[in-house]
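Number of protein chains: 2
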Amino acid sequence: MKLATLPNQTPDGRLHVVSRDLTRCTPAEGVTTMQALIEDWEALAPALAAQYETLNAGGGTAFVPAEALAPLPRAWQWLDGSAYDSHGDLMQTVFKLEPNPKGRPLMYQGMSHQFLPATADVPLPSEQDGIDFEGEFGVICDEVPMGADAATALGHVRLLVQINDWSLRRLAPIEMKTGFGWIQAKPACSVAPVAVTPDELGSAWRDGRVDLPLVVDFNGTRFGAAEGYHMSFGFDELLAHAAQSRSLVAGTILGSGTVSNENFREIGSSCIAERRGIELLDTGAPKTDYMKFGDGVRMQCCLRDGTPLFGVIDQKVVPNT
Amino acid sequence: MKLATLPNQTPDGRLHVVSRDLTRCTPAEGVTTMQALIEDWEALAPALAAQYETLNAGGGTAFVPAEALAPLPRAWQWLDGSAYDSHGDLMQTVFKLEPNPKGRPLMYQGMSHQFLPATADVPLPSEQDGIDFEGEFGVICDEVPMGADAATALGHVRLLVQINDWSLRRLAPIEMKTGFGWIQAKPACSVAPVAVTPDELGSAWRDGRVDLPLVVDFNGTRFGAAEGYHMSFGFDELLAHAAQSRSLVAGTILGSGTVSNENFREIGSSCIAERRGIELLDTGAPKTDYMKFGDGVRMQCCLRDGTPLFGVIDQKVVPNT
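Going down the list, the sequences are from chains A and B. When we follow the working numbering, the leftmost residue of the first sequence carries the number 1, and every step to the right adds one. When we follow the working numbering, the leftmost residue of the second sequence carries the number 1, and every step to the right adds one.
A hint or two may mislead.
Remember, identical chains collapse to one label, so a pair may be satisfied in a single copy or spanning two.
30 Å max Cα-Cα, derived BS3-like pairs, lysine-lysine [claimed, not checked]:
#1 K177 / K292
#2 K177 / K96
#3 K292 / K316
#4 K177 / K102
#5 K316 / K102
#6 K287 / K96
No wet-lab data here; the hints were simulated from the structure. Source: prediction; values computed, not measured.
Based on the provided sequences and hints, a complete structural model is requested.
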C-alpha cells in the first residue's frame, strides 16, 4: 500500500491512497489523516489495502507529487539514528571525536512539529552555517510499549519513508560538544511524498532494513547511490533502544541516519559532510562546498526493477525571510 | 489567569479555568483544549480572562488537582535548557566534563508526546538506572518565527508552568558522551496541574525569569528551596536560541533546567544528582541514594505571600509493568 497526504487547509492534510506506479490517487476512505490511520492501524488498514488494490486496477485522479505534503506533516516524535558505521567512523576520524561504543545505537530526538514537503523550497537562516543534506530511510510505527524488544518493535513498523535530514554543519560540532544534542544544527526535515507499507519492498525489506540504494544528485550531478542495508542496527533494534524508558507514541518517525557504505569512494555519499571528510583524508583538504542558496538536491529510491516507491525529494535551499 | 486540563476521554483533555486560589474551576468557554487556546491565544484569551474574573468572584465547581492532567498533556515540542550555572558548573566538576562556553545556552530536545499528571505514579523500567527528579520552571509559547530575537520571543510567552523533568542518571553520561543528547535517560516529564499567565506572578515575573523559590521535598523531608531567578539566560533568550533555525510551533514548552543557586549548601537542591555532587566534593563520596520504587517527591512554588500558583507535584516512582 502507498499513501500520501495532500493539502486541505488543515495542518495534517488529507490522506490519500496512491497507485503502485505513483500516477494516480484517491482520498482514503474511512480515515482522514495519516495520524488517525497510524493510531488505529489494525482496524483501518485492511479497508485501505482493498481500496489500494481497486485503485491499482484503474480510476482515481492524477497524483501530482509537487502538491503533496510530507506523508505525516507533523509528528509527536522524531528520533534519528546514526546506524551506518562507515559514516560514523569517518566523521570520528575527521572531526577527531571520541569513538562511540559499538554495542549501542546512536540516536537523537529532533524537531517533529514540521516536516517539509519534498519539493518545497527550504528556508534557512544563513549560508555560513554549512548547509548540508542527509539522505535517509525512516519508519513510522504505531504505539510501541515501554520495554518492547526488537521483535515486538518490528511488528509495529507500519510504514517506510524516505527523508532528507537537513543539517547545519558549522553549528553541529558546537552543539555536539555540550553532550545535549542538536537544536540549531537540525532544522525541519523534508520527506519524500509517499509512505509505503513494508510489503511493497518485497524481499528488499529484510532484517528491519531497506535493502535498496538511495540515489542522491547534488545540483544535477550524481553524488551517491549508497545501499540502505548496511545498518549496524536494524530499525527493529533502533525502536527497541528508543522504547527502553518510554512508550513510543503512534506516529513516531524513526530515521536511519545518513545512508553510507564502506566503499563510499566508489559508491558516493548521501551528505556533503561525508564527501568532505573523504577529501580531507585523501587530499588534506575538503574541496566540495556546503550548499549555497539556490543549490538543489534530489533523492530517490526505487525497487531494483525500477518501480518507484517513495517518489522524489527535489528541492533547493533559500534564505529565510 | 490560571488554567488546567481535566480528563474527558480524549488525549488532550478539556481545558478549564481555575480560580486564583485553586479551589474552584469551570470549563473554558469558547475553546476546548489548551493546544487550541495557545494556537489562537490573542483571539481567545480575553474572553477567558473575563471568565476567570467571574470565577474568582464565585461559582464553578471544586477543583480537584489529583484529577487534573498536565496542563498540556502532549505537545509538539519540548525543549529543555540548563540555565542555572551553579548546577552546570557543579556537574562539570563532579563528572569531569569539559566546560561549556558561557555565552551560549545549553538545550536539548526531549520527548513531548506525553506529559504526566502531577500526582500520577511514574512508571520506570529499573531502580538501577539512577532515578532522579529535576524541579524546573517552564514557559508555553505561541508561535515564534524563525530568527526572532529575545524581545520578540518574550512577547510569545503565554503561560508559565512547573515541571519535574525525570532523569535516569546512570544512563545520562553514556548518552551524553555521544554528543547526541538523551533518549533513554529522559523519560516523560511531569507537570504541575495549573498553568498561569505571567501577570499572576506580578513583579516576580521579571527579565524573563521566575523570581520565586521552588520548594522540593523528598520522601517528606525538605530537600531544597532554590530561587528561580538565577538563570544565566532568561526564557526570552532561551526561546530566541531555539528559534535560530526553526520556527517554534504554538504550544512549544521550554524548560529552565534544574533550579539551582550558588548557595546550594544552604538552600538545598532541586535534584538528587546535585546533592550527591556536593556530598562528593565535601566528603569524598555521595551518600544520598537515587530514588527507589515507592519513593516520592513533592514540588511547589507559591507567591511570597503564600498564594498558590501552579499547584503541587506530588508523586512516587513505580516499576513499569
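Do the hints match the structure? See the list:
When the C-alpha separation of K177 and K292 is checked against a cutoff of 30 Å, the pair qualifies only within one copy, where the shortest distance is 26 Å, while the shortest distance between copies is 32 Å. Taking CA atoms no more than 30 Å apart as the test, K177 paired with K96 passes in both settings, with 12 Å inside one copy and 14 Å between copies. When the C-alpha separation of K292 and K316 is checked against a cutoff of 30 Å, the pair qualifies only within one copy, where the shortest distance is 9 Å, while the shortest distance between copies is 52 Å. For the homomeric pair K177 and K102, the shortest alpha-carbon distances inside one copy (20 Å) and between copies (13 Å) are both at most 30 Å.
When the C-alpha separation of K316 and K102 is checked against a cutoff of 30 Å, the pair qualifies neither within a copy, at 35 Å, nor between copies, at 35 Å. Taking the shortest Cα distances, K287 and K96 sit within 30 Å of each other inside one copy (19 Å), while across copies they are farther apart (37 Å).
Checked against the numbered hints above, the structure violates only hint 5.
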